[in-house]
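A.B. asks: One letter stands for each residue in the lines below.
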Amino acid sequence: MNYPRDTLECGHSLAELSAYLDTGQIADPAHLDSCPECQAGLASLRKLSALGSELLSSDVADAGSGSDDWMQSILDNLRLELRPGRSIPLQSVHPDDTLWETEGSISALIRSVVDAHPGTAAGKCRLHGDVTTPGTLITVEVEIAVVYGHSMEERADQLREELARTLATHTELAIEAINITVTDVLEEQP
Amino acid sequence: MTEPLEAAEPSASTPPTGVAEELLDVVQSVPGVSAVYPAQPLWQSIAGAALSAVTGEPLPLIGLTDTAGTLAVKARIGVSTPRPAPAVAREVADAIRRHLLPRAAAVEVSVVKVGS
Amino acid sequence: MTGSPAAQHQLDLVPDALLAGRAADGDTAAFEALARRHGPLMRATARRLTGSLADADDVVQETLVQAWKQLDSLRDPAAVKGWLLRIVGSRSIDYLRKRRNHADLDDAENHVDQHTRPRPEDPEGNALSSSRVEALKAALAALPEEQRRCWVLKEFNDQSYEEIALTLNISPDSVRGRLARARITLARRMEEWR
Chain A
1 MNYPRDTLEC GHSLAELSAY LDTGQIADPA HLDSCPECQA GLASLRKLSA
51 LGSELLSSDV ADAGSGSDDW MQSILDNLRL ELRPGRSIPL QSVHPDDTLW
101 ETEGSISALI RSVVDAHPGT AAGKCRLHGD VTTPGTLITV EVEIAVVYGH
151 SMEERADQLR EELARTLATH TELAIEAINI TVTDVLEEQP
Chain B
1001 MTEPLEAAEP SASTPPTGVA EELLDVVQSV PGVSAVYPAQ PLWQSIAGAA
1051 LSAVTGEPLP LIGLTDTAGT LAVKARIGVS TPRPAPAVAR EVADAIRRHL
1101 LPRAAAVEVS VVKVGS
Chain C
2001 MTGSPAAQHQ LDLVPDALLA GRAADGDTAA FEALARRHGP LMRATARRLT
2051 GSLADADDVV QETLVQAWKQ LDSLRDPAAV KGWLLRIVGS RSIDYLRKRR
2101 NHADLDDAEN HVDQHTRPRP EDPEGNALSS SRVEALKAAL AALPEEQRRC
2151 WVLKEFNDQS YEEIALTLNI SPDSVRGRLA RARITLARRM EEWR
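Chains as they are written, first to last, in the working numbering: chain A, 1 to 190; chain B, 1001 to 1116; chain C, 2001 to 2194.
Quick caveat, the hints were computed from the structure, so don't treat them as lab data. Computed from a prediction, not measured in an experiment: that's the story for all the values here. Check before you lean on any hint, since a few could be wrong.
Partner residues are not named here, just some residues of chain A that face chain C (Cβ under 7 Å, in silico) [said to hold, decoys possible]:
no., residue
1, Leu14
2, Leu42
3, Arg46
4, Leu48
5, Leu51
6, Gly52
7, Ser58
8, Ser67
9, Met71
10, Ala121
11, Gly123
12, Cys125
13, His128
14, Asp184
15, Leu186
A virtual CB, placed ideally from N, CA and C, is assigned to each residue, including glycine.
Please construct the entire structure, taking both the sequences and the accompanying hints into account.
C.D. replies: Structural data, given as structure tokens:
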């Protein structure tokens, strides 16, 4: 598929230059620096790429903000189902009653405790151990992000206590340990 | 999003007419119950949801099945309270059981949301 | 659904990886924060790929449905943006195929750029009066479909040749060739225009 003027007089093609822009690879890189034709070709392709970025910005601006109505109506249409996860049995008074808490409800509870703490946000959160068998020792793993400037250790200690208290109130799990890992440090919003 | 549905009209397809609706009142009046979710998650009742869309009848919030004289009752609840969620679940089961007396019942309560 | 308004607001500060991890755990609020964050880019990409405003919004919606179902299969949560855009890419291509099969009449109301694209009967003939970006839009619209797809997936979504090849179901070599031809044509048009 050779188009007229695709091949430069130096023997290189614009197609090679195009691939070079994406991959940084070309047969003889030394040639590029010394060849005015290749330089001009590259400059033209780079200009196009910069214009492409302008088009992208303009298209993204035209698409509106993610907090606009169009996105809200898409989100409303989704009807995201809560993920129940495992069923955690609760003690019942009557033998014919079966009571459960869903794992999903407990991770959401953990996240809400972390999020309500000023300067922290929850990430992934896992209950390790067989939560479906009462009495099994369970380890809670929580990843958190902390806003820059807050003492992380102090924060983690406070959170651990608060989580222990909340889980003791709202679950019947035998919590062996609560491990908090700080995975991100966030910049305070200007 | 799974939002609690509006209080359901009694569904004509539910065998004991009116009981599901009564039980919904019973469950909702237990302190600490913040929401009642459809007894079957939507994805488990695609057919039901489609039917409900056609007939305009809401999915029942309290699930009822009559097997050999024992009424199996299913409820999925949200709990928002300083009081322990397991205690609220037990009170819900107990309230359902007492409401149905003298009928025998097997009650299943799932807490699917804790906290605000 | 999670936490206070303050916590909701806090989610906007949170990096993608953390949100994706939470969303994979079933946190709908985190998923929605991701959708809001990347929604405009997803929509812009789908509009350029499908050329239709209505199809683009359908594509975004279907992408989010698929993403919610498959999030726990995403190995690197930090790569969630590229992953969402790849779904947008393949969904958009699906839409184009569907539309071609149904030989739908083009709904002018719905057409991306219908107000800005120079019309043949336009006495000036081209976009002299509009900006360079408008001229690029017109040049892009005139490209063969396959070349335009390659260009959009590369320039808008920064996909690799291999990723574009997977999306379009062609070989990476074809991607390289089509992309080069697209760029050569576009660069030439832009130079003529200037």
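A.B. asks: With a cut-off of 7 Å, does the beta carbon of Leu14 (chain A) approach a beta carbon of chain C closely enough for the hint to hold?
C.D. replies: Cβ of Leu14 (chain A) sits 5 Å from chain C, so the hint holds.
A.B. asks: Using 7 Å as the Cβ threshold, decide whether Gly123 (chain A) counts as touching chain C.
C.D. replies: holds (4 Å)
A.B. asks: If you take the shortest Cβ to Cβ gap from His128 (chain A) to chain C, is it below 7 Å?
C.D. replies: violated (14 Å)
A.B. asks: Let's test the interface hint: is any C-beta of chain C closer than 7 Å to that of Gly52 (chain A)?
C.D. replies: holds (4 Å)
A.B. asks: Holds or violated: is the Cβ of Ala121 (chain A) closer than 7 Å to a Cβ in chain C?
C.D. replies: holds (5 Å)
A.B. asks: Just to be careful: measuring from the Cβ of Met71 (chain A) to every Cβ in chain C, is the smallest value less than 7 Å?
C.D. replies: For Met71 (chain A), the interface hint holds, since the closest Cβ of chain C sits about 5 Å away, which is under 7 Å.
A.B. asks: Against chain C, with CB atoms and a cut of 7 Å, does the hint on Leu42 (chain A) hold up?
C.D. replies: violated (11 Å)
A.B. asks: Double-check Asp184 (chain A) for me: the hint is only fine if its C-beta lies closer than 7 Å to a C-beta in chain C.
C.D. replies: Holds, because the Cβ-Cβ distance from Asp184 (chain A) to chain C comes to roughly 6 Å (cut-off 7 Å).
A.B. asks: Closer than 7 Å between Cβ atoms is the bar; does Ser67 (chain A) clear it against chain C? Give me holds or violated.
C.D. replies: This hint holds: Ser67 (chain A) lies near chain C, its Cβ roughly 6 Å from the closest one there, short of 7 Å.
A.B. asks: Quick one, is the Arg46 (chain A) hint okay against chain C at 7 Å, beta carbons?
C.D. replies: Status violated, d = 10 Å.
A.B. asks: Going by Cβ atoms only, is Leu186 (chain A) closer than 7 Å to chain C?
C.D. replies: Constraint on Leu186 (chain A) satisfied, holds at 5 Å.
A.B. asks: So, Cys125 (chain A) near chain C? Judge it on the closest CB pair being under 7 Å.
C.D. replies: holds (6 Å)
When the structure is compared with the earlier hints, violations turn up for hints 2, 3, 13 and for no others.
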